Structures are given as structure tokens and as C-alpha cells.
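A.B. asks: Start from the sequences and build out the full structure, keeping to the hints where you can.
2 protein chains.
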Amino acid sequence: MPVGTLATVKTLTPAQLESTNPQVVLANTYHLHLQPGEAIVSKAGGLHRFMGWKGPMLTDSGGFQVFSLSQLRTIAEAGVTFRSPRDGLLIEMTPERSIAIQNALGADIIMAFDECPPYPADRTAIEAATDRTYRWLIRCLNAHQRPEEQALFGIVQGGVYLDLRRSAAQALAELDLVGYAIGGVSVGEPPELIHQIVEATAPLLPESKPRYLMGVGTYREMAKAIASGVDMFDCVIPTRLGRHGAALVRGERWNLKNAKFREDFQPLDPTCLCYTCQNFSRAYLSHLVRCKEVLAYTLLSLHNVNELVRFTREIRESILSDRFTSDFAQWLDIPVSSDR
Amino acid sequence: MPVGTLATVKTLTPAQLESTNPQVVLANTYHLHLQPGEAIVSKAGGLHRFMGWKGPMLTDSGGFQVFSLSQLRTIAEAGVTFRSPRDGLLIEMTPERSIAIQNALGADIIMAFDECPPYPADRTAIEAATDRTYRWLIRCLNAHQRPEEQALFGIVQGGVYLDLRRSAAQALAELDLVGYAIGGVSVGEPPELIHQIVEATAPLLPESKPRYLMGVGTYREMAKAIASGVDMFDCVIPTRLGRHGAALVRGERWNLKNAKFREDFQPLDPTCLCYTCQNFSRAYLSHLVRCKEVLAYTLLSLHNVNELVRFTREIRESILSDRFTSDFAQWLDIPVSSDR
Numbered sequence: 008m009p010v011g012t013l014a015t016v017k018t019l020t021p022a023q024l025e026s027t028n029p030q031v032v033l034a035n036t037y038h039l040h041l042q043p044g045e046a047i048v049s050k051a052g053g054l055h056r057f058m059g060w061k062g063p064m065l066t067d068s069g070g071f072q073v074f075s076l077s078q079l080r081t082i083a084e085a086g087v088t089f090r091s092p093r094d095g096l097l098i099e100m101t102p103e104r105s106i107a108i109q110n111a112l113g114a115d116i117i118m119a120f121d122e123c124p125p126y127p128a129d130r131t132a133i134e135a136a137t138d139r140t141y142r143w144l145i146r147c148l149n150a151h152q153r154p155e156e157q158a159l160f161g162i163v164q165g166g167v168y169l170d171l172r173r174s175a176a177q178a179l180a181e182l183d184l185v186g187y188a189i190g191g192v193s194v195g196e197p198p199e200l201i202h203q204i205v206e207a208t209a210p211l212l213p214e215s216k217p218r219y220l221m222g223v224g225t226y227r228e229m230a231k232a233i234a235s236g237v238d239m240f241d242c243v244i245p246t247r248l249g250r251h252g253a254a255l256v257r258g259e260r261w262n263l264k265n266a267k268f269r270e271d272f273q274p275l276d277p278t279c280l281c282y283t284c285q286n287f288s289r290a291y292l293s294h295l296v297r298c299k300e301v302l303a304y305t306l307l308s309l310h311n312v313n314e315l316v317r318f319t320r321e322i323r324e325s326i327l328s329d330r331f332t333s334d335f336a337q338w339l340d341i342p343v344s345s346d347r
Numbered sequence: 008m009p010v011g012t013l014a015t016v017k018t019l020t021p022a023q024l025e026s027t028n029p030q031v032v033l034a035n036t037y038h039l040h041l042q043p044g045e046a047i048v049s050k051a052g053g054l055h056r057f058m059g060w061k062g063p064m065l066t067d068s069g070g071f072q073v074f075s076l077s078q079l080r081t082i083a084e085a086g087v088t089f090r091s092p093r094d095g096l097l098i099e100m101t102p103e104r105s106i107a108i109q110n111a112l113g114a115d116i117i118m119a120f121d122e123c124p125p126y127p128a129d130r131t132a133i134e135a136a137t138d139r140t141y142r143w144l145i146r147c148l149n150a151h152q153r154p155e156e157q158a159l160f161g162i163v164q165g166g167v168y169l170d171l172r173r174s175a176a177q178a179l180a181e182l183d184l185v186g187y188a189i190g191g192v193s194v195g196e197p198p199e200l201i202h203q204i205v206e207a208t209a210p211l212l213p214e215s216k217p218r219y220l221m222g223v224g225t226y227r228e229m230a231k232a233i234a235s236g237v238d239m240f241d242c243v244i245p246t247r248l249g250r251h252g253a254a255l256v257r258g259e260r261w262n263l264k265n266a267k268f269r270e271d272f273q274p275l276d277p278t279c280l281c282y283t284c285q286n287f288s289r290a291y292l293s294h295l296v297r298c299k300e301v302l303a304y305t306l307l308s309l310h311n312v313n314e315l316v317r318f319t320r321e322i323r324e325s326i327l328s329d330r331f332t333s334d335f336a337q338w339l340d341i342p343v344s345s346d347r
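Residue numbers (the numbering used here), protein chains in the order written: chain A, 8 to 347; chain B, 8 to 347.
These aren't lab readings, by the way, just hints derived from the structure by calculation.
These figures come from a predicted structure and were not determined experimentally.
It cannot be assumed that every hint is accurate.
The list makes no distinction among identical chains, and a pair is therefore deemed to hold if it is satisfied within one copy or across any two copies.
[Claimed, not checked] Pairs of lysine-lysine, DSS-like flavour, derived with a Cα cap of 27 Å:
1. K50 to K299
2. K264 to K299
3. K61 to K299
4. K267 to K50
5. K50 to K264
C.D. replies: Now the structure itself:
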């Protein structure tokens with residue numbers, strides 16, 4: 008799922024985004040609450056109509072942003088109080104408020120409001136946050152006003168403590184939710200810990216329900232999580248890299264400012280069907296990046312989103328034809344046997 | 008003609024640009040010479056292939072930029088010497104060099120290298136520059152290596168001195184060039200002087216050849232120049248305004264940051280067929296501008312280019328059906344009769 012924080016996947020029109028075939032687009036409740044506010048989005052007819060995106064959408068709960076971006080916050084059982092970075096006004100965000108905002112925004116999938124502690128954090132703090140996240144989930148379920156139109160996913164917390172992850176996953180599984188997410192990862196911990204957390208958690212969540220690993224979107228982490236049963240990802244990497252003049256090409260990151268691209272008249276990836284690769288050379292992209300032309304960021308973001316969507320689609324196809332662990336051995340850290 | 012200075016009409020893909028139906032796209036020789044250099048563009052197969060634009064293109068001669076942007080320049084009969092703003096190296100730009108660069112860039116229309124004096128300038132300086140521009144034109148014609156593929160236009164100078172303009176126009180008309188431009192306008196003089204210059208000059212240029220008013224692209228100035236016989240315009244205004252969060256709507260400039268647009272769910276112009284107006288509301292554009300989202304600049308540039316192309320197309324249609332002076336009286340400063 009490409010990330011459209013402020014109701015725009017940065018630098019891309021909905022038409023360009025659609026050409027990459029993402030199944031879902033994500034938007035951020037915290038940011039949209041601050042600007043333009045859910046009332047305006049609701050009056051516009053909801054997030055889809057406001058931003059001109061016809062496909063499925065997901066909003067996060069704002070929990071991650073409240074905990075990671077806000078200064079001066081106080082956490083209590085009722086919820087979190089923080090100062091708006093825009094005007095300094097005190098904002099109280101509770102499970103009920105998050106769901107009310109998400110009901111107004113109108114995405115197809117909405118997320119429970121969770122407590123997302125930083126990394127590292129001690130076991131006592133993580134245990135308290137995990138228990139509170141469960142109680143807040145119950146409040147979210149009770150507050151949800153549009154259950155027929157919006158699927159509410161619960162979020163497994165538990166930090167790097169695998170026993171806490173397992174018990175949280177089991178408790179959530181018993182609630183028979185529409186979908187499940189693994190949260191509190193990609194918060195600064197080493198990738199190896201992400202793999203351990205996902206391996207401990209994902210298999211305990213119902214296989215028949217969508218399982219979503221939040222904030223993860225690199226090749227290796229996605230491939231390994233898929234091997235553990237994860238179905239959904241979101242990540243700002245493809246668009247953020249694009250805005251920094253970098254391309255994702257078959258698992259590598261290329262800085263287009265590199266002198267070797269100045270006279271390289273091939274497309275980024277000759278096998279790629281995206282608009283960028285079908286129409287422009289590495290030399291042209293390098294020129295645009297050198298000139299800091301906005302079109303560079305658009306064309307690179309378009310390619311990068313297309314590339315990661317293609318990566319997951321190819322995994323999906325390989326699973327359907329039972330070739331996943333052999334075809335993606337490179338990303339799964341499985342030794343490639345010599346007879347292939 | 009939308010301006011694509013560095014081989015990109017800022018913030019727009021060629022596909023988006025094409026949707027606005029511009030007949031020609033302009034690029035700047037001076038800028039492309041400095042970055043990436045005409046050798047790379049030539050190796051890429053020329054400007055069209057380099058930037059992915061399939062329609063006609065025009066390059067200016069670099070004269071205007073050398074005179075307006077460069078510090079530390081010295082002007083002599085041979086040409087102009089200036090320091091590259093990129094690396095401080097001395098660059099000599101002569102009529103022959105400008106044409107060689109433009110031959111390498113490969114646009115369909117190329118421009119003679121002219122001396123474009125600032126405004127205001129005294130009559131002696133303007134007279135000398137106008138005479139030199141004529142001698143440089145002859146050198147450009149002699150230096151042109153691809154006359155079958157690239158149309159070389161001459162440029163009428165003469166400042167605000169209408170007798171100098173007239174004699175320069177007559178001298179150029181006698182050369183039977185492929186096309187003619189009126190240069191040295193839109194350099195800071197009052198709009199009224201532009202009208203006077205165009206009225207004095209355009210009718211003396213052959214009616215059967217394209218007549219191009221350089222650097223002009225506002226509603227009133229275009230309408231009046233067309234009334235004097237001008238066929239072509241270029242201007243950075245539609246894209247520059249777009250990048251500043253402003254829209255051109257039926258002759259007006261709107262700042263999308265204005266509070267009145269926050270909850271205005273109409274398109275910019277309900278009669279406009281551009282992608283922006285067909286898909287997004289003023290409220291959404293206002294939101295994007297407030298967030299400084301790049302998509303704002305793309306969507307506004309797209310609309311603004313479409314709007315000015317439509318304006319000139321509507322004038323063309325009104326001329327063909329003999330309704331120009333009545334339909335566009337508002338822009339021609341003709342009193343509208345009360346029975347219409």
C-alpha cells in the first residue's frame with residue numbers, strides 16, 4: 008500500500024498511481040485531522056472523492072504519529088493529550104475520537120487506536136502498553152459507527168518480547184476481527200528483530216483474515232513476512248526515495264545523481280512496464296535530478312511504487328504456482344541450490 | 008507554447024502536457040547548454056526523444072538569457088563572453104555557436120542569436136543592438152546546418168523606438184525567412200508599450216509566415232497581439248503561477264490559499280475539460296497548497312497551461328467564424344455594444 012499521508016501519494020496523481028496497480032492506498036488520520044480536518048473531508052464526500060482515488064483505502068489510527076511525532080504528550084487510560092504542531096492547541100486523542108475521525112474520513116479499512124511505545128523500551132512499559140492497546144481495541148469496536156462499510160483491524164503490540172507478542176496475538180485472534188495488524192515494528196529496531204517478531208506473531212493470527220505488517224516495505228522484510236503469512240504492507244520508502252532522487256531497481260537502490268548515469272540511455276529497468284521506464288532514460292532522469300526538477304521526483308516515485316507493487320505481485324504469483332521459496336530464495340536467506 | 012526550460016515543462020509529464028494540446032513546446036538553449044549539455048541531448052537522439060515529447064519543439068537562441076541572467080558578460084561584434092553560473096568557466100556564445108547548439112538539440116524551430124538590450128535603454132544603444140542583431144542573423148543563416156529539418160526564425164529588435172522596430176521588421180521581411188519573431192519585449196516595460204511595439208511591427212512582417220511574440224502570454228497581451236497579426240506566444244506564467252499555488256480561471260488569478268476555497272467543492276472551472284477540473288475540487292487544491300504538496304503544483308500547472316491553450320484556441324475559432332473582435336472585446340479594450 009503506497010502511503011498518501013495528506014490525501015496525496017506525494018508527487019503522483021491518482022491516474023499515475025492507478026497505473027501502478029496498488030490494491031490499497033493508505034492515508035494518515037493524524038495528519039488529516041490537523042489539515043484539512045475530517046469535517047471538510049466528510050463534506051467533500053469522504054476521502055475517496057476528496058482525493059480522487061477510486062480504489063480501496065485504509066486509514067491508520069493516528070496512534071503511531073501521536074507517539075512518534077508529538078511533543079508534550081501525556082498518556083492516560085482515557086487516551087493521549089498532545090499539542091497541535093500547527094497552532095499549539097491541546098488535542099485529546101482517544102480510541103473513540105480516532106474511530107469517529109476515521110468514520111468521518113470514510114476509508115474502507117480503519118485501524119484501532121493503539122499505544123505504540125518507542126524502541127528500545129523495557130518489558131514493564133511494553134507489557135502495560137500491550138494491555139492498554141487491548142482495552143483500547145474493545146473501546147474502538149464499541150465506538151465504531153459504520154461496521155458494515157468500514158473494516159476495523161486490531162493491532163498486535165508487544166515490542167520485541169515474543170511471549171508478549173504471542174499472548175497479544177492469541178487474545179486478538181479470539182475476538183474474530185475482520186483483519187489484523189502487527190504494529191510497533193519498524194520503529195528503529197534491527198531488521199532481524201522484525202523477522203523474529205513476525206515469525207512469532209503472524210502464524211497465531213487467523214489465516215483466513217488479512218494480516219497486515221505496519222510500516223514495512225523493503226524487499227527482504229516483505230518476502231520474509233509473507234513467508235510467515237503476512238498479506239499487507241505499507242511503506243513510505245518508494246515515494247521518499249523518489250523524492251531523494253533514488254530508484255529501486257530489482258532490489259537495489261540507485262542514486263540517479265551518480266555520474267555513471269549521465270550518458271546511460273537505457274530505461275531504469277528494461278523489463279519494467281511503468282510509464283517512467285517506457286518513456287525515459289536514466290540519462291534524462293539523472294539530468295532532472297541534477298536540476299532538482301520536480302518531474303524527477305514524480306517519475307522516480309512512480310517507478311518505485313510500481314516496482315514494489317510488482318515485487319509483491321510476483322510473490323503472489325509464485326505462491327499460487329508453488330514456486331515461492333525457490334524463486335525468492337535470495338530474499339528469504341535460503342541458500343540457492345546449485346542445480347537451479 | 009508552454010516553456011520547458013530544462014527539457015521539462017516544470018511539474019508535468021509529457022503525457023499530462025499532451026492532454027492540454029499545446030501546438031509547440033519551448034526549451035531554453037542557454038540552460039540546456041549548461042546542463043546536461045547539447046552533446047548528451049544529441050546522443051540521446053535529440054530533444055524530443057530525450058524528454059519524451061512527440062510534438063513540435065522550439066528552442067530559443069540563448070540570447071535573452073545571456074543578456075538577462077549572466078553576470079560578467081562582455082559584448083563584442085563576434086559574440087558574448089560570460090561566466091558559467093555553474094562552474095565559473097568562461098563561455099563564448101556567438102551566432103555560430105548558438106546555431107550549432109540548436110542544431111545539436113534538434114528542435115523543429117530554432118531562433119537567431121540576437122542582442123536583447125534591457126529596458127530602459129537609450130536610443131543609441133538600441134540602434135546599435137538592432138543593427139548587430141541583423142548582422143548576427145545573417146551569420147546564423149550561414150551557420151545553419153540543418154535547414155531542411157529545422158526552421159530558423161529571425162528576431163526583430165528595436166526596443167520601444169517604433170521607427171527602429173519598423174525598419175528592422177522591413178529589413179527582415181526582405182530576407183524571406185521561414186518565420187519571424189518580435190523580441191526584446193516583456194523585459195520590464197509597461198504593457199501599453201508592448202501593444203504599441205506589436206502594432207508597429209507585426210503588420211510589416213509577412214502575413215503568410217508565422218509571427219511569434221516572445222515572452223508574452225497573458226490574456227490581454229495575447230488577444231491584442233493576435234489582433235495585430237501575431238500567431239505564436241511563449242510564457243512561463245501558467246507554470247510559474249501553478250508553482251505558487253495560483254490558478255488562471257477565465258481571465259482571473261486565484262490564490263488557492265484563500266480561505267474561501269477551503270470548503271468550496273466545485274472544480275476550479277466547471278466548464279474546463281482538463282484533468283484537474285474533471286477530478287478535483289477547489290477545496291482539495293486549497294488543501295494541497297496549504298500542505299505545500301507537489302501535487303498542487305502539478306494540478307495547477309496542468310490547468311493553467313490548458314487554460315491558456317484553450318484561450319488561444321477559442322480566439323482561433325472566433326477568427327475563423329469572424330467573431331473575434333466581438334467575442335473578445337473584453338480583452339481588446341473595445342467597448343462592448345449594448346445590444347449584445
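A.B. asks: Next, verify each hint and record whether it holds.
C.D. replies: Outcome of the hint check:
For the homomeric pair K50 and K299, the shortest alpha-carbon distance between copies (22 Å) is at most 27 Å, but the shortest distance inside one copy (37 Å) is not. With identical chains, the CA atoms of K264 and K299 are at most 27 Å apart both within one copy (10 Å) and between copies (25 Å). In the homo-oligomer, the alpha carbons of K61 and K299 lie at most 27 Å apart only across protomers (23 Å), although the nearest pairing inside one protomer, at 31 Å, exceeds that limit. Proximity of K267 to K50 under the C-alpha cut-off of 27 Å is restricted to the inter-copy arrangement: shortest distance 15 Å between copies versus 50 Å within a copy.
For the homomeric pair K50 and K264, the shortest alpha-carbon distance between copies (19 Å) is at most 27 Å, but the shortest distance inside one copy (44 Å) is not.
Violated hints are absent here; each numbered hint is respected by the structure.
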